[in-house]
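Enquirer: The chain contents come next:
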Amino acid sequence: MTIVLETIGLAKQFGALRVAHDIDFRLEAGARHALIGPNGAGKTTFVNLLSGRLAPSAGRILLNGTDVTGLPQAERVKRGLGRTFQINALFKGLPVLENVALATAEHAGFGGEMFRGIGARRDTIEQAFGLLELLGIADVAMRPVKELPYGQQRLVEIAIALALQPSVLLLDEPAAGVPSAENRIILDVIAQLPEAVAVLIIEHDMELVFRFAERITVLVQGAVLVEGTPAEIAADARVREVYLGERHS
Amino acid sequence: MAVDSPVAQLIHAHRLRPIELLPWVIGAAGYFLASGYLPLGSQIMIMILFALSLDLVLGYAGIVTLGQAAFFGVGAYAAGIYAVHVSGEPISGLLVGAAAAAIVGVVSGAIILRTGGLTLLMLTLAITSLLEAAANDATALTGGNDGLQGVAINPVLGLFDFDLYGRTAYLYCLAVLFFAWLFVRRLVHSPFGRSLVGIRENVVRMHAIGTPVRRRLLTAYTISAALAGIAGALLTQTTQFVGLTVLSFERSGEIVIMLVLGGTGRIYGAFIGAAIYMIAQDQLAEADPIFWDFWIGLLLVLIVLFARGGVLGLTDRLFLMMPRRR
Numbered sequence: 001m002t003i004v005l006e007t008i009g010l011a012k013q014f015g016a017l018r019v020a021h022d023i024d025f026r027l028e029a030g031a032r033h034a035l036i037g038p039n040g041a042g043k044t045t046f047v048n049l050l051s052g053r054l055a056p057s058a059g060r061i062l063l064n065g066t067d068v069t070g071l072p073q074a075e076r077v078k079r080g081l082g083r084t085f086q087i088n089a090l091f092k093g094l095p096v097l098e099n100v101a102l103a104t105a106e107h108a109g110f111g112g113e114m115f116r117g118i119g120a121r122r123d124t125i126e127q128a129f130g131l132l133e134l135l136g137i138a139d140v141a142m143r144p145v146k147e148l149p150y151g152q153q154r155l156v157e158i159a160i161a162l163a164l165q166p167s168v169l170l171l172d173e174p175a176a177g178v179p180s181a182e183n184r185i186i187l188d189v190i191a192q193l194p195e196a197v198a199v200l201i202i203e204h205d206m207e208l209v210f211r212f213a214e215r216i217t218v219l220v221q222g223a224v225l226v227e228g229t230p231a232e233i234a235a236d237a238r239v240r241e242v243y244l245g246e247r248h249s
Numbered sequence: 001m002a003v004d005s006p007v008a009q010l011i012h013a014h015r016l017r018p019i020e021l022l023p024w025v026i027g028a029a030g031y032f033l034a035s036g037y038l039p040l041g042s043q044i045m046i047m048i049l050f051a052l053s054l055d056l057v058l059g060y061a062g063i064v065t066l067g068q069a070a071f072f073g074v075g076a077y078a079a080g081i082y083a084v085h086v087s088g089e090p091i092s093g094l095l096v097g098a099a100a101a102a103i104v105g106v107v108s109g110a111i112i113l114r115t116g117g118l119t120l121l122m123l124t125l126a127i128t129s130l131l132e133a134a135a136n137d138a139t140a141l142t143g144g145n146d147g148l149q150g151v152a153i154n155p156v157l158g159l160f161d162f163d164l165y166g167r168t169a170y171l172y173c174l175a176v177l178f179f180a181w182l183f184v185r186r187l188v189h190s191p192f193g194r195s196l197v198g199i200r201e202n203v204v205r206m207h208a209i210g211t212p213v214r215r216r217l218l219t220a221y222t223i224s225a226a227l228a229g230i231a232g233a234l235l236t237q238t239t240q241f242v243g244l245t246v247l248s249f250e251r252s253g254e255i256v257i258m259l260v261l262g263g264t265g266r267i268y269g270a271f272i273g274a275a276i277y278m279i280a281q282d283q284l285a286e287a288d289p290i291f292w293d294f295w296i297g298l299l300l301v302l303i304v305l306f307a308r309g310g311v312l313g314l315t316d317r318l319f320l321m322m323p324r325r326r
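Protein chains in written order, with the numbering used here: chain L, 1 to 249; chain P, 1 to 326.
Okay, chain L solo, but in the shape it has when bound:
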């Protein structure tokens, strides 16, 4: 199986605080992989290292076989890396459609165009609208994002990431903060993500993790504790102790 994303000895320190330690990680093409761990395990830090928001203290990151360790975020996006944020990072004053259209325009290499109107590449806006239809939020396309319920805002997050047509998609707690009534919609959307996209999901919701993931990596105190299938993880005593045990104690 092709490896689309790999980290080798990835580490990050803030002064004396070690938030990522010697992480070796592999994500296969089309994978459905979950990253779990207790609060403060370094999951979001790991995503920030992968996406380029943070520079690692040591180690390497390979994206589709290319070393992207020193590349800025924009270059990683061009090479197929998309992400969502644990806390919504949206253009709240802009209509939903424009939130996604900014991403489709950028992906089409049209984002820096100065002398033509946005309508000159209508296809990028239509593509954005198509994503809204896919995620079931086309009816709110022209409403400012800030007026949307939180669950729908989470869907806009996913729509923006999908607009980049990533080969690797990092979902940072996509259902976080979503009322349980709307949770199902997010789960369905994640279940229907294109098969070609390798998905790494960070999630606290164990129902979602075990329903979705084919492989699970457990991160504890910035280091990989164990990796395996959901059945292996569920049966692992160390995981129950540090993570599941903690949750059910």
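What the hints contain is simulated information worked out from the structure, not anything from laboratory work. Here a beta-carbon is modelled for each residue, glycine too, at the ideal position from N, C-alpha and C. Among these hints, one or two may not hold up.
[Unchecked claim] Covered stretches of chain L, going by a simulated chain P footprint (3 or more residues, C-beta under 8 Å):
no., stretch
1, 31-39
2, 109-116
3, 123-129
4, 135-148
5, 193-203
[Said to hold, decoys possible] Computed far set for chain L versus chain P, every beta-carbon distance over 10 Å:
no., residue
6, Gly65
7, Gln221
8, Arg238
Please arrange chain P on chain L, whose structure you already have, making use of the hints.
Expert: Frame of chain L, contents of chain P only:
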């Protein structure tokens, strides 16, 4: 596709609306109906252009700056020095002003746009102070504290002399402002302009969608500097003098006030804010020569307290409160 489809609506939202032609109707009418106020009209248009340059960075890209006078002043001095030592031809003088300001913009922007917030604000302020001190020091070139004298400007296009009543200056400013408006309008409604709004709204997300954020900001900053340079050059050409005040902190502050007064991030805030401020200043200075700036200050306090978003923000809210016809 139907006009009411969201895709069409989004594209339609950026079309030219008839009301956008209103400033030009007023500008043209002013020439005939307010012939006694043409010099004030020219000053207002120069300030509108200056505020427009600020709106691009402050209103659209969200770069908070107190140093826009740096570019205005560099443009003013460059055009003045060009007129004194090279040629009094006005159009090329404008281009020289724009180019000089753009160079200062791209060099200073490359350094200071790596920072943000208060640091960036202080750096913009510092650069203006440095340039003001340099202009004061380079007496041979700038005239120092006495200002640059002997600026003589040739007829516009070789045909229209700058006259005593300010007629040519008025129409010249109107024409330059019109072309600058066309350019800025095109820019802010382009994908580039929308990406600036995206950066202002959420820079973290713009990085994550692959936008080269720093390059976009630097481009906007440089264009804004060039526009401010043209405004400064216009001031030089229409007054035939350059003084150190073109680089003063007061000028940077004043232009922020004008833009905030009108409303940021919407082009026409620059028009309304600069016009209200300049006319109020003119009238109040006449009515109350000592305390006129108190009244300006009071006006701004009222706007900030009761009309967030400036005059245009207020009109938006009033418009929304009006009963809709069914």
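Enquirer: For every hint, state whether the structure bears it out.
Expert: Hints, verified against the model:
{"no.": "1", "hint": "31-39", "verdict": "violated (count 0)"}
{"no.": "2", "hint": "109-116", "verdict": "holds (count 7)"}
{"no.": "3", "hint": "123-129", "verdict": "holds (count 3)"}
{"no.": "4", "hint": "135-148", "verdict": "holds (count 3)"}
{"no.": "5", "hint": "193-203", "verdict": "violated (count 0)"}
{"no.": "6", "hint": "Gly65", "verdict": "holds (19 Å)"}
{"no.": "7", "hint": "Gln221", "verdict": "holds (26 Å)"}
{"no.": "8", "hint": "Arg238", "verdict": "holds (34 Å)"}
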